[in-house]
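Going down the list, the protein sequences come from chains A and B.
full-length UniProt numbering applies: residue 1 is where the first sequence begins, and numbers increase by one.
full-length UniProt numbering applies: residue 1 is where the second sequence begins, and numbers increase by one.
Hints may contain errors.
[Stated by the list, open to error] 25 Å max Cα-Cα, derived SDA-like pairs, lysine to any residue:
1) A:520 / B:57
2) A:475 / B:107
3) B:50 / A:507
4) A:514 / B:143
5) B:157 / A:546
6) A:548 / B:142
7) B:194 / A:406
Everything labelled a hint here was simulated from the structure, so no lab data went into it.
On a predicted model such as this, the values are computed, not experimentally measured, just so you know.
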Amino acid sequence: MELKMFILVLGLLVGSLMPLGGASGSPGSGTGQDECKKNNGDEKNGNKTTKKSFPVLSLNYENVRLPFEISLWVLLASLMKLGFHLMPRLSSIVPESCLLIVVGLLVGGLIKLVGKAPPVLESNIFFFYLLPPIILDAGYFLPIRQFTENLGTILMFAVVGTLWNAFFVGGLLYGVCQLEGTNLAGVNLLSCLLFGSVISAVDPVAVLAVFEEIHINELLHILVFGESLLNDAVTVVLYHLFEEFTNAGTITVTDGFLGIVCFLVVSLGGIVVGAIYGILAAFTSRFTSHTRVIEPLFIFVYSYMAYLSAEVFHLSGIMALIACGAVMRPYVEANISHKSHTTIKYFLKMWSSVSDTLIFIFLGVSTVAGPHEWNWIFVVATLVFCLVARVLGVIGLTFVINKFRIVKLTSKDQFIIAYGGLRGAIAFSLVYLLNPKHFPMRNMFLTAIITVIFFTVFVQGMTIRPLVDLLAVKKKQETKRSINEEIHTQFLDHLLTGIEDICGHYGHHHWKDKLNRFNKKYVKKCLIAGERSKEPQLIAFYHKMEMKQAIELVESGGGSKLPSAMPSTVSMQNIQPKKPPQDRALPQLSKAREEEIRKILRTNLQRTRQRLRSYNRHTLIADPFEDGLDEILIKRKKMKELEKKISQMNNYLTVPAPPADSPSVARARLASDPQAWGLKSVTEIPTIKVELVSPQNPESVKVVDEFSKKGSQPKGSEEEGGLTMRVPSSEKQRKDKTPDEEPQPRFMRCLSDPGPAAEDEDEDEPFLP
Amino acid sequence: MGSFQSLPDDHQYRTLSLKTGFSLEQIAILHNRFKQLSQNEETLRRDDLKTIQDLESNPIRYQIIEAFFDRRNFQKDGVGSVEEIGFEEFLTVMSYFRAPAHHITEEQREEIRRAKLRFLFNMHDTDNDGTITLEEYRHVVEELLSRSGALGRETAKGIADAAMLEVASISVGPMAPDEFYEGITFEHFLKILKGIEIETRMHIRFLNMDTAVFCKQHSV
Numbered sequence: 001m002e003l004k005m006f007i008l009v010l011g012l013l014v015g016s017l018m019p020l021g022g023a024s025g026s027p028g029s030g031t032g033q034d035e036c037k038k039n040n041g042d043e044k045n046g047n048k049t050t051k052k053s054f055p056v057l058s059l060n061y062e063n064v065r066l067p068f069e070i071s072l073w074v075l076l077a078s079l080m081k082l083g084f085h086l087m088p089r090l091s092s093i094v095p096e097s098c099l100l101i102v103v104g105l106l107v108g109g110l111i112k113l114v115g116k117a118p119p120v121l122e123s124n125i126f127f128f129y130l131l132p133p134i135i136l137d138a139g140y141f142l143p144i145r146q147f148t149e150n151l152g153t154i155l156m157f158a159v160v161g162t163l164w165n166a167f168f169v170g171g172l173l174y175g176v177c178q179l180e181g182t183n184l185a186g187v188n189l190l191s192c193l194l195f196g197s198v199i200s201a202v203d204p205v206a207v208l209a210v211f212e213e214i215h216i217n218e219l220l221h222i223l224v225f226g227e228s229l230l231n232d233a234v235t236v237v238l239y240h241l242f243e244e245f246t247n248a249g250t251i252t253v254t255d256g257f258l259g260i261v262c263f264l265v266v267s268l269g270g271i272v273v274g275a276i277y278g279i280l281a282a283f284t285s286r287f288t289s290h291t292r293v294i295e296p297l298f299i300f301v302y303s304y305m306a307y308l309s310a311e312v313f314h315l316s317g318i319m320a321l322i323a324c325g326a327v328m329r330p331y332v333e334a335n336i337s338h339k340s341h342t343t344i345k346y347f348l349k350m351w352s353s354v355s356d357t358l359i360f361i362f363l364g365v366s367t368v369a370g371p372h373e374w375n376w377i378f379v380v381a382t383l384v385f386c387l388v389a390r391v392l393g394v395i396g397l398t399f400v401i402n403k404f405r406i407v408k409l410t411s412k413d414q415f416i417i418a419y420g421g422l423r424g425a426i427a428f429s430l431v432y433l434l435n436p437k438h439f440p441m442r443n444m445f446l447t448a449i450i451t452v453i454f455f456t457v458f459v460q461g462m463t464i465r466p467l468v469d470l471l472a473v474k475k476k477q478e479t480k481r482s483i484n485e486e487i488h489t490q491f492l493d494h495l496l497t498g499i500e501d502i503c504g505h506y507g508h509h510h511w512k513d514k515l516n517r518f519n520k521k522y523v524k525k526c527l528i529a530g531e532r533s534k535e536p537q538l539i540a541f542y543h544k545m546e547m548k549q550a551i552e553l554v555e556s557g558g559g560s561k562l563p564s565a566m567p568s569t570v571s572m573q574n575i576q577p578k579k580p581p582q583d584r585a586l587p588q589l590s591k592a593r594e595e596e597i598r599k600i601l602r603t604n605l606q607r608t609r610q611r612l613r614s615y616n617r618h619t620l621i622a623d624p625f626e627d628g629l630d631e632i633l634i635k636r637k638k639m640k641e642l643e644k645k646i647s648q649m650n651n652y653l654t655v656p657a658p659p660a661d662s663p664s665v666a667r668a669r670l671a672s673d674p675q676a677w678g679l680k681s682v683t684e685i686p687t688i689k690v691e692l693v694s695p696q697n698p699e700s701v702k703v704v705d706e707f708s709k710k711g712s713q714p715k716g717s718e719e720e721g722g723l724t725m726r727v728p729s730s731e732k733q734r735k736d737k738t739p740d741e742e743p744q745p746r747f748m749r750c751l752s753d754p755g756p757a758a759e760d761e762d763e764d765e766p767f768l769p
Numbered sequence: 001m002g003s004f005q006s007l008p009d010d011h012q013y014r015t016l017s018l019k020t021g022f023s024l025e026q027i028a029i030l031h032n033r034f035k036q037l038s039q040n041e042e043t044l045r046r047d048d049l050k051t052i053q054d055l056e057s058n059p060i061r062y063q064i065i066e067a068f069f070d071r072r073n074f075q076k077d078g079v080g081s082v083e084e085i086g087f088e089e090f091l092t093v094m095s096y097f098r099a100p101a102h103h104i105t106e107e108q109r110e111e112i113r114r115a116k117l118r119f120l121f122n123m124h125d126t127d128n129d130g131t132i133t134l135e136e137y138r139h140v141v142e143e144l145l146s147r148s149g150a151l152g153r154e155t156a157k158g159i160a161d162a163a164m165l166e167v168a169s170i171s172v173g174p175m176a177p178d179e180f181y182e183g184i185t186f187e188h189f190l191k192i193l194k195g196i197e198i199e200t201r202m203h204i205r206f207l208n209m210d211t212a213v214f215c216k217q218h219s220v
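Go ahead and model the full structure; you've got the sequences and the hints to work with.
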């Protein structure tokens with residue numbers, strides 16, 4: 001059936017292609033359109049030509065040209081990414097960014113061969129479409145704790161370091177240009193300074209691309225990466241400043257002063273804009289509980305709007321985006337569903353990955369395409385000065401910073417920070433934006449920038465990994481966050497705040513604590529929906545961990561197989577309470593009642609024993625009742641182990657119910673509370689069969705032990721059968737007053753009949769030898 | 001007091017400085033604070049610390065105050081707690097929160113780590129038996145969550161249980177059903193908190209210059 005359809009369609013295709021066969025062969029033009037027009041024209045001319053058949057298949061490329069080409073590029077980028085990971089050896093030596101640039105070069109070369117002009121990385125496309133996903137991804141997943149702890153250092157590097165770099169490189173280049181022998185006399189100071197400011201900024205895209213692969217320790221990662229994000233403000237200000245000055249022609253001191261003010265406005269303004277949009281997004285997410293599907297959309301659109309709004313006012317768009325992502329994240333994550341969270345994560349990673357790939361490919365293509373003007377001295381001088389400036393800047397700044405840091409930066413750290421100062425596409429795009437009329441040497445700048453970018457990405461990018469290994473720099477620890485660490489982190493925070501209060505001065509912890517309390521009291525109530533607003537961080541962490549383990553449990557096949565994350569080797573029964581069992585809050589029995597119970601039991605048991613003896617004296621050597629007892633005990637033990645396992649899972653999988661559910665939970669707990677059963681069980685003792693407990697199987701007794709703690713364990717519901725026996729012997733223990741005899745009570749027969757414990761003065765004969 | 005110090009105080013400060021590692025200026029400032037808290041008496045009592053306003057909102061304030069009166073923190077083999085402390089004990093407890101110096105050897109760093117973690121351990125181990133039992137740990141978590149009402153109490157048990165399980169499985173590994181994990185010993189405590197760099201995280205900045213002093217000088 002399908003085959004017939006296919007052949008039919010094929011036939012029609014061939015049939016319709018015949019009249020088109022005579023059409024012109026150029027693929028880029030709208031042949032179909034022309035044909036139609038020609039046909040109409042012919043018809044109007046009086047049907048000179050024969051009527052053409054209805055074009056079943058026509059070629060119309062111009063319509064879809066733009067989306068088609070974009071998709072082709074994106075597809076190419078993704079296929080390249082795929083390809084690199086299929087060649088693990090290559091990707092372990094050469095970082096991905098280098099490979100992508102090479103691919104770009106090849107593609108650019110190919111396009112040039114065909115005779116067309118290869119597309120250049122348009123600054124608009126770069127700044128509005130390619131850069132935001134990467135920055136949003138970085139900002140949303142920014143590790144806030146480390147970032148704020150090192151904020152002073154990062155700011156020093158970003159602001160002071162970039163300024164130093166800019167003026168050093170610009171100034172020295174101007175000096176070189178003034179030298180004789182070079183044809184660079186036309187380069188004035190302002191242009192050099194502009195060039196210096198553009199090229200001195202460390203690029204977040206390149207840094208991310210390279211540092212992600214080398215898994216360096218978190219401190220260094222956040223230092224270099226934070227610097228690359230925050231220096232955007234400096235770059236923007238310097239760029240606009242020098243651009244304006246070049247137009248104006250003269251500089252005055254007021255202009256310099258205004259420049260500083262402008263810097264503050266640009267950076268703080270960007271942050272404020274980002275924060276406003278972040279709060280809006282958090283507020284919106286409070287109400288999305290019924291429309292979970294579009295939750296991720298709000299996040300993306302609000303962030304993008306933050307970026308664009310900042311760009312409108314020439315504020316730092318990157319800082320706005322970072323601020324937006326960082327501000328909205330804690331509130332949004334508390335509000336959105338788990339699936340939305342996964343969606344956001346994956347979309348951000350996907351987009352930033354594609355952007356990143358495209359940027360590098362386009363860099364390669366632009367190199368082939370762009371108008372170049374090669375000047376040996378200028379380019380080499382630029383390169384040398386950039387490197388020297390970076391090294392000097394890092395060393396000088398670290399010297400100052402180390403006076404204020406507790407964890408000082410070692411020389412190894414300094415080397416990595418200096419070496420990790422990669423330049424990238426932002427510098428290229430900024431130079432590309434320059435107006436050739438005002439900057440006649442723009443092409444030379446472009447060439448120089450591309451050379452520096454290539455050098456840093458290729459040479460530094462490739463060699464940083466072996467250098468990191470060689471210098472034995474600390475790598476990122478892949479440990480999971482354990483709940484003990486979380487508890488102690490919180491504990492430490494409160495402890496240090498308390499000590500600061502006792503010391504009397506308002507330090508770092510005091511203000512952090514104040515901010516947290518303000519956040520909890522006012523902000524969370526507004527921005528987080530429902531009950532979650534009151535949830536303290538420790539509980540949120542615990543829930544997240546339980547959820548993760550529950551998911552792992554399900555994914556690993558369920559059943560009694562516990563996921564590796566869980567300490568399946570130890571179960572609650574192994575954690576014994578230090579206090580002896582007699583402190584258990586079990587109902588008190590009066591002495592008289594106790595005696596009575598014991599008497600009844602004893603007589604019952606003796607009677608049973610006599611019965612046994614009378615049955616077995618002559619026929620069997622082994623006591624069949626005892627044999628049967630063993631089987632029953634083994635079965636019971638197996639059952640208990642199974643229940644144990646189930647209860648272990650319950651222990652971990654039980655997410656404590658939110659207050660709304662607590663009445664039912666409380667009811668459930670009450671139902672299983674051994675204390676509630678206590679009294680009832682006492683009256684039932686005389687009629688209970690003996691076989692439930694045996695000295696040979698202490699485990700079963702032990703299990704009982706654990707679940708009859710203080711009446712607070714909700715999961716002991718399965719063990720209540722055994723609990724009935726427990727009551728009298730606990731009395732026994734209390735009577736004996738031996739707090740250290742912990743292992744012994746376990747072995748006590750749950751029956752009130754005195755066991756083998758020698759200290760018991762009511763000892764008759766042991767029930768079972 | 002100001003910057004003028006009488007000779008006997010100076011000598012006392014020097015011995016304290018040698019013992020605890022604080023600089024003379026820091027000791028002077030802390031002494032001022034001590035006098036302020038104890039209302040110019042020689043010894044400090046628990047009630048004096050309880051009067052600090054900012055401490056009210058701290059969920060673990062009782063443990064913190066207790067730590068100042070715990071003999072175990074004064075010297076190596078002290079036991080029990082005292083009712084009032086002098087300036088030397090105050091300073092000794094404070095010295096646990098000094099930042100480690102930059103150029104120290106690995107052994108010194110390890111020693112500082114152990115001392116700080118010992119302080120934390122003593123805060124948890126309230127009955128001084130050398131182990132943190134499940135009950136004690138539960139108490140710690142409950143105090144941390146004490147501001148969350150009923151929800152906190154219910155979850156605290158679950159969290160403490162999970163934490164104990166984790167410690168047991170990390171320190172002891174697989175356990176047979178009839179083995180028992182008594183409680184967290186100090187060695188296990190060291191092990192589980194290896195991930196947190198205690199020696200750099202557990203510190204506060206002690207002032208080197210008392211700004212109040214300058215004001216007093218000017219007013220005089």
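Hints and how they fare:
no.: 1; hint: A:520 / B:57; result: 13 Å, holds
no.: 2; hint: A:475 / B:107; result: 22 Å, holds
no.: 3; hint: B:50 / A:507; result: 20 Å, holds
no.: 4; hint: A:514 / B:143; result: 19 Å, holds
no.: 5; hint: B:157 / A:546; result: 14 Å, holds
no.: 6; hint: A:548 / B:142; result: 23 Å, holds
no.: 7; hint: B:194 / A:406; result: 19 Å, holds
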